[in-house]
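Number of protein chains: 8
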Amino acid sequence: MEAREARKLLEQVASGDVTVDQALARFQTAPFSDLGYAKVDHHRALAQGVSEVIYGEGKTAGQILGICRSMESAGQKRVLITRLDSQKAQALSPDLDLEYFELPRVGLIGGMPQPDGAGYVAVACAGTSDLYAAEEAALTAEALGSRVLRLYDVGVAGIHRLLAHSDEIARARAVVAVAGMEGALPSVVAGLASCPVIAVPTSVGYGASFGGVAALLAMLNSCASGISVVNIDNGFGAGYLASMIDHIGVVE
Amino acid sequence: MEAREARKLLEQVASGDVTVDQALARFQTAPFSDLGYAKVDHHRALAQGVSEVIYGEGKTAGQILGICRSMESAGQKRVLITRLDSQKAQALSPDLDLEYFELPRVGLIGGMPQPDGAGYVAVACAGTSDLYAAEEAALTAEALGSRVLRLYDVGVAGIHRLLAHSDEIARARAVVAVAGMEGALPSVVAGLASCPVIAVPTSVGYGASFGGVAALLAMLNSCASGISVVNIDNGFGAGYLASMIDHIGVVE
Amino acid sequence: MEAREARKLLEQVASGDVTVDQALARFQTAPFSDLGYAKVDHHRALAQGVSEVIYGEGKTAGQILGICRSMESAGQKRVLITRLDSQKAQALSPDLDLEYFELPRVGLIGGMPQPDGAGYVAVACAGTSDLYAAEEAALTAEALGSRVLRLYDVGVAGIHRLLAHSDEIARARAVVAVAGMEGALPSVVAGLASCPVIAVPTSVGYGASFGGVAALLAMLNSCASGISVVNIDNGFGAGYLASMIDHIGVVE
Amino acid sequence: MEAREARKLLEQVASGDVTVDQALARFQTAPFSDLGYAKVDHHRALAQGVSEVIYGEGKTAGQILGICRSMESAGQKRVLITRLDSQKAQALSPDLDLEYFELPRVGLIGGMPQPDGAGYVAVACAGTSDLYAAEEAALTAEALGSRVLRLYDVGVAGIHRLLAHSDEIARARAVVAVAGMEGALPSVVAGLASCPVIAVPTSVGYGASFGGVAALLAMLNSCASGISVVNIDNGFGAGYLASMIDHIGVVE
Amino acid sequence: MEAREARKLLEQVASGDVTVDQALARFQTAPFSDLGYAKVDHHRALAQGVSEVIYGEGKTAGQILGICRSMESAGQKRVLITRLDSQKAQALSPDLDLEYFELPRVGLIGGMPQPDGAGYVAVACAGTSDLYAAEEAALTAEALGSRVLRLYDVGVAGIHRLLAHSDEIARARAVVAVAGMEGALPSVVAGLASCPVIAVPTSVGYGASFGGVAALLAMLNSCASGISVVNIDNGFGAGYLASMIDHIGVVE
Amino acid sequence: MEAREARKLLEQVASGDVTVDQALARFQTAPFSDLGYAKVDHHRALAQGVSEVIYGEGKTAGQILGICRSMESAGQKRVLITRLDSQKAQALSPDLDLEYFELPRVGLIGGMPQPDGAGYVAVACAGTSDLYAAEEAALTAEALGSRVLRLYDVGVAGIHRLLAHSDEIARARAVVAVAGMEGALPSVVAGLASCPVIAVPTSVGYGASFGGVAALLAMLNSCASGISVVNIDNGFGAGYLASMIDHIGVVE
Amino acid sequence: MEAREARKLLEQVASGDVTVDQALARFQTAPFSDLGYAKVDHHRALAQGVSEVIYGEGKTAGQILGICRSMESAGQKRVLITRLDSQKAQALSPDLDLEYFELPRVGLIGGMPQPDGAGYVAVACAGTSDLYAAEEAALTAEALGSRVLRLYDVGVAGIHRLLAHSDEIARARAVVAVAGMEGALPSVVAGLASCPVIAVPTSVGYGASFGGVAALLAMLNSCASGISVVNIDNGFGAGYLASMIDHIGVVE
Amino acid sequence: MEAREARKLLEQVASGDVTVDQALARFQTAPFSDLGYAKVDHHRALAQGVSEVIYGEGKTAGQILGICRSMESAGQKRVLITRLDSQKAQALSPDLDLEYFELPRVGLIGGMPQPDGAGYVAVACAGTSDLYAAEEAALTAEALGSRVLRLYDVGVAGIHRLLAHSDEIARARAVVAVAGMEGALPSVVAGLASCPVIAVPTSVGYGASFGGVAALLAMLNSCASGISVVNIDNGFGAGYLASMIDHIGVVE
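Protein chains in written order, with this note's numbering: chain W, 1 to 252; chain G, 1 to 252; chain Y, 1 to 252; chain R, 1 to 252; chain F, 1 to 252; chain L, 1 to 252; chain X, 1 to 252; chain C, 1 to 252.
Check each hint, because a few of them may be wrong.
With the C-beta cut set under 8 Å, the calculated list includes, among others, these residues of chain F facing chain G [to be verified]: (1) 10; (2) 13; (3) 17; (4) 20; (5) 23; (6) 164.
Coverage of chain W stretches by chain C, computed from C-beta distances (three or more under 8 Å per stretch; other residues unrestricted) [claimed, not checked]: (7) 144-157; (8) 189-197; (9) 205-216.
Calculated from the model, a selection of chain Y residues having no Cβ within reach of chain W, i.e. all distances over 10 Å [to be verified]: (10) 53; (11) 83; (12) 93; (13) 100; (14) 105; (15) 111; (16) 115; (17) 128; (18) 129; (19) 171; (20) 194; (21) 207; (22) 209.
Bear in mind the hints are in silico, worked out from the structure with no lab data behind them.
Even for Gly, the Cβ is constructed at its ideal location relative to N, Cα and C.
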């Protein structure tokens, strides 16, 4: 509860418009719906700008449906469901108006919004195998109202493929750089960019890639400035953050 | 070299104002000074907004002095030197007008600038022992023109200490959340913030903290959105990125 | 064998009521039934208060049945079987009066006892995906005679959901705090509690969660006091310990 | 703030005894003293039973003195300072009435209290080299009002040394089991005990002990019930928890 | 673009044979075909000697077919496809003239070339289980024009099996030494060889082999000179490098 | 080739009984059969006492059959095949007179020999789930001519179950101690034994057992003397070594 | 207490020669001297053949002296002190008749005994830097009555240096193989030996040797039979075990 | 011993020119000098081209001197000593004509030879802090007869600094690419090179660089072809291998 709200409530107590018990309840009651298996957090929507994201992994189709219904009844139009495998997507289809993206395993209810950010988000990935994470980032940013420029298969071993896009990188509001294996892309990209670069290590690779650890460590140790890192395969987190940056100065 | 510059150069070749050899040299010559032990990158200043940062670790006082001189002669007024131990700082003092901050081991030439960001950067840290990294972040952001709000010793085990600053976190342009040990601060902070949260794990702790790995992993796995992570003890990287975000919409 | 028993036995030897060979046998014979594949430990029941727990993983349905039968013939009424997959549960159903809980993979013979602890055990978990471990803890504590208060989906990224239960945490006899990903819940909970907090890291997460290692490390490094940690996904161990604490001062 | 307090405050607002601004301030103000480098948490004392513990590592003698003074002025008589090296202890001696224990690096202000727990805490350690952590646990428990029984050098390779103390273990209210190297002590102890066993891995060992990781893993994987684990070398945490358990049913 | 090419282009601009816009396009256009999901790099062929290798893992049969067609239209006769599982190989068979090697999962279009290296590449492996990686190396080297001598099942525990081939090792142009488990083969081989030894750790083993990490570490720590290491199971990389060395002095 | 053999050969060269070329061939030819996919090592039989062990993992039924046939033709009567899954065992049954042990996945050709060691090998294991590795060790030792005493389910959490066998441990020629989870059994066993104890960590456990790493580390760090360790789940290695020790003084 | 002893004691109780209280005391009293900081275990001497080894690390010179005196008064003539740094050795010199070996940091009281084993122990090490651990093994075996053959600097990269000693390895009763870096020596040695090979990884190396982990893993994964492994740098453990094997059939 | 030599020896035995005992001795004697602490391997010189390298770490100045003297008496003119700290260098100075390079800790006896390779070795490093390893590589290659081109401070975050040297990289016979932190340099370099690239990870970095592990993993996972990797900080190994490649076709 923000200070303004608290002050108003206290003034109502002072004026007698609200009883002590009512106020106490207000101070104690958290603004979420309790579904038993989940507390749907309508308050967080206010605090973070979007409440409509569901992490699908480890939830049954039934639980996801219940959460969507609860959100709907709270007035949410658009819901993004990440880590939604195709089986659950199929199970949800009769009940929800769901657009499903198979490669990044993303479901969308309510359609893509018109972009309303200040610029665009560039999503670059090193190889074809990294597309799943890059698309998760791109779709997330689009779902949150950002225009997205995709720069795919621009790994550093063929550096001219990346350099051909120097200008587009230089003009972006935020860059998401996705790479597995040696994870070198973000370092080079950050040298070309003048905006925040969000590095996404992927689990692409074999042997000593250790499921993305090699790429993760490389990105954490980047010698370039302006880079920060999210979890392995966390395209959603990067897209979310990039879109947040793309809306700075817009929503305020 | 940007497209515009390249076009102009090519037009000069076409018009005969620039010879083929001169143009070739321009295309081949990188815009940096070669000191032998280091290539001082004047070009990067243009690309990334600041060229005046020197990573002091693993450089001798003599090398640092040389790089500062080279920067100075290229017109740089303000230089930030990170990871500068007190011995080197003392060695540099006679030759440079250096302000030295002992705890975060930061040196500054040219004084702090007037803040010119769009808002302020909040730097929160969990415990007294994390101050060195928090101050590195804070001083970096200030040196790059951001106003900084320090929220220190607000670890999650005494959650009310942090909640007392909810409003200040909610209004920040960017938050740097610094923590060692279990590294839980960024998750809670991100729930209170509506801006990017940059998480800095510190090497504070013992035993199974593994020099900051526990905090690093916690931050990478945060269940909150809007968080990204930098390397262990990388206060500089977080401050740099936070200030970059604080200037979005301002410098453009 | 306790001192009293040993003294009595020795006195019987001295008095001739027990022969040397009989006494030797008593000193040498361990108080367990040997089924070949397992030694069912009737002695441990005395030492630890419950002998009726079977760890189902890596045992065949036949072996579990054999152990149950042996326990039954030794007078055990109630047996808790953990890590019991649904196939084995089904295989055991014709032979045993088994109540089966699918999510936590727990089987119970003999029904839940009346709570006889001194207070109640609070079981809190961070997210919906952690329910399996939280329920294993809750059912274990209930099977051992504790009243359990479930506080689910109270992760720290939406701190008000947890704070809404501050009082219930403050009044508990023991708290089990279950979390995957960044594992921050126990630290915040311990700040609100005045009783032992048993932290259970879960394997929920992806990428750099490393199957629960991130949460485990976070919990081991908690800056709060009164916390101890059990193995990843070890809901049973936490529930067992919490119930043990809940019965302190009661059973003695 | 607890519900009772909040209700009283709201009633005062309703009755006009407290103004809205005063109440708002109360709701917003956290109950701690801000020393700049640390927020001394007088509230936590209420919540957790002791506020008088200072973690000395990473704090200067000056900072520790400041915190002690602040605590003193808030009425605290007894302060335990852990991880206090002998140099700082010496530096603090002129200003504080400090009793210093060199091996476990513990300082105590205000003297040991009379034991007021319900039973006693047994502190067992495997080898002579583990004494530093065992003593940290023992002194902590004593400082918090528990009677402590020390069982030292009872490692499992000479199992009869441990078995000679079976009765004393069986009658304890809580056992702290301290071991480095293979960390097997807690498993055997838990088989002999009927109370919670808190396992403390130590960094004693070499080679593949990896600074205590081998012992830590062994303890987390114990096949015995009733065991939980704290961080490597965290004697304080174990002693704190053991004393908390020793006071269950007493302080309430 | 190499300097010669750049000079020529610039001269054409100077002479007016090429317009500024054409030159700009040349400087900006990267020499690859963009298939959407992949940028087929015809330039790299020039730079590295072979462009005809496709890493099959994580690409659909359709994508592989598309890339092959693009290469074909660019004039490539011979294409090596690594990490191609048998299902994809079967799916590609109707459309491509593909020779398939099941054990190393390698596909070849265009047939094996005549060897044109300066000597031969020896491929040694420690055990029968390592054959898959050894064959990937051998086939790669053959596809790139090297004669290959296979020395299989020559692990160091039966050292005379290896010593029987001392001469053949001593006369090789490059040796690929493949081993899992303790990974000792390359060290012994390097003592017998007078040419570069490329060590390939395999994921063969169990328990503390950690999927090849034990062998990888052994090879990185070899006390013999002239050894370098590639990723676990990276037979391709070793075969590629060995053939490159085999062609030194030939292609130049 | 041993010195005596070499001397004899050289004497024959000197006397002209053997030509230079024949001797050279003898010195160069290794005493093994090359099956292409494997070099069957008849020489090793002499060097190590048994040549009749085949590691079945990663070999096809056909390859195993081929190796058996080659051994048979070289005069081997008894062959032990480890890590032989039941499918391959079934495939080999029509062609070989194979006795198959399912739990430890061991196949035996030629039947168990009469024990001819100096004493007996005790094989102890901590829990029912460790039986597979314990049986691999036991069967191996028996196949190599040792009498084996099985002591199963004697984990340290119920220490009296183990102590009941103190005498049998004290009289063994060699002890194999098998344990997963915390791996404490060998330490306690070694305190009771006066012969070499071979510790076998198993992959039994979950969470922070890391597939046997916890047990492995515990065993490597044992504070007891006379212990050595083999790889995780390497029951064969332990049984082989125990039988070797059991035959010391016998075969010589 | 062994069965015979227990029977005798019980018979004395039956006959009245020993009172119940005396017998009880005997059953309860452990056969060790309690020095406060250590329990000197005179019983273990009987069980394991030597009681005279002190692990010097982490013990003060005073504590070591006390333990030696206690042993002396219990009749011990010969005491081996391992991990004894030169400072402590110097401090002990006036009080004890101590022979000190600096490289392996071993102290010996009572002089080397006449060898009384059945054969000899070969101690091989890979490089000059491994000498400290090899000597710890060699001296330990000698102090326990074994004849030792030292084969130093026989690393596998120059395989002929090792092969020159094939016969001496083939005739040993036990081999200790010491190596750092890639740890390949034991595998090759075991192929030449017909007795147990005890592998000692050393912490010699740099970079990815990780303080001996690379060598440790290599040794655990050896493809040769008859090998077992001790902790990194644990020359003592290997020498102890080798001498134990060397005395099999002798002492019994 | 090579086949030719063996044949000759055998012919001498046949002809009676060499007695059986002499021949036996020849077959048994390894061609090295045994200094007690080291076996100086004169044979390896023949096998590997250089015998004159001493790894100085873990050897005393006296031992190094002894080895040099032994080499000298065997006719060696030039000796390279790596990992030689300045103290030992100083200690050796009076006795040896030693040129000492402080940064890479390399000593050289006999002076630099004239380059006699086929081309040149390019040694590139990412940052100023990596110079120590780059120089170790460069000096090693020079000492072995290669011309070296140094390209220092060309890290990928300022990609144009590296691209300015594209031609020099493209024309090299072998490239050594040295980098710490994220270790991305070799991938980009390999895209520009047409010769083998030897990647050297350095221990430069902090936090999650883990002493060079991050760079090592990145290099092992490089998506570029033609790369192989040596141990962390192993500049010597890379320089040795690069020079070996530089001499292919020359020495033969």
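Verification of the supplied hints:
1. 10: holds (5 Å)
2. 13: Nearest chain G Cβ about 5 Å off; hint holds.
3. 17: violated (11 Å)
4. 20: For residue 20 of chain F, the interface hint holds, since the closest Cβ of chain G sits about 5 Å away, which is under 8 Å.
5. 23: This hint holds: residue 23 of chain F lies near chain G, its Cβ roughly 5 Å from the closest one there, short of 8 Å.
6. 164: Violated - the Cβ of residue 164 of chain F stays beyond 8 Å from chain G, reaching only about 47 Å at its closest.
7. 144-157: Coverage by chain C holds here, the residue count being 3 at a Cβ distance below 8 Å.
8. 189-197: Per the Cβ count (3), the hint holds.
9. 205-216: holds (count 8)
10. 53: holds (27 Å)
11. 83: Non-interface label on residue 83 of chain Y holds, nearest chain W Cβ at 19 Å vs cutoff 10 Å.
12. 93: Label holds. Min Cβ-Cβ 24 Å, cutoff 10 Å.
13. 100: With a cut-off of 10 Å, residue 100 of chain Y remains clear of chain W, as the shortest Cβ separation is near 18 Å.
14. 105: holds (15 Å)
15. 111: holds (24 Å)
16. 115: The claim holds: residue 115 of chain Y sits with its nearest Cβ about 22 Å from chain W, beyond 10 Å.
17. 128: violated (5 Å)
18. 129: Nearest chain W Cβ is 3 Å from residue 129 of chain Y, so the label is violated.
19. 171: holds (15 Å)
20. 194: Correct as stated: the minimum Cβ-Cβ distance to chain W is 19 Å, above 10 Å.
21. 207: Per Cβ check, residue 207 of chain Y is inside 10 Å of chain W; nearest 3 Å; violated.
22. 209: Nearest chain W Cβ is 8 Å from residue 209 of chain Y, so the label is violated.
Going through the hint list in order, the structure does not satisfy hints 3, 6, 17, 18, 21, 22.
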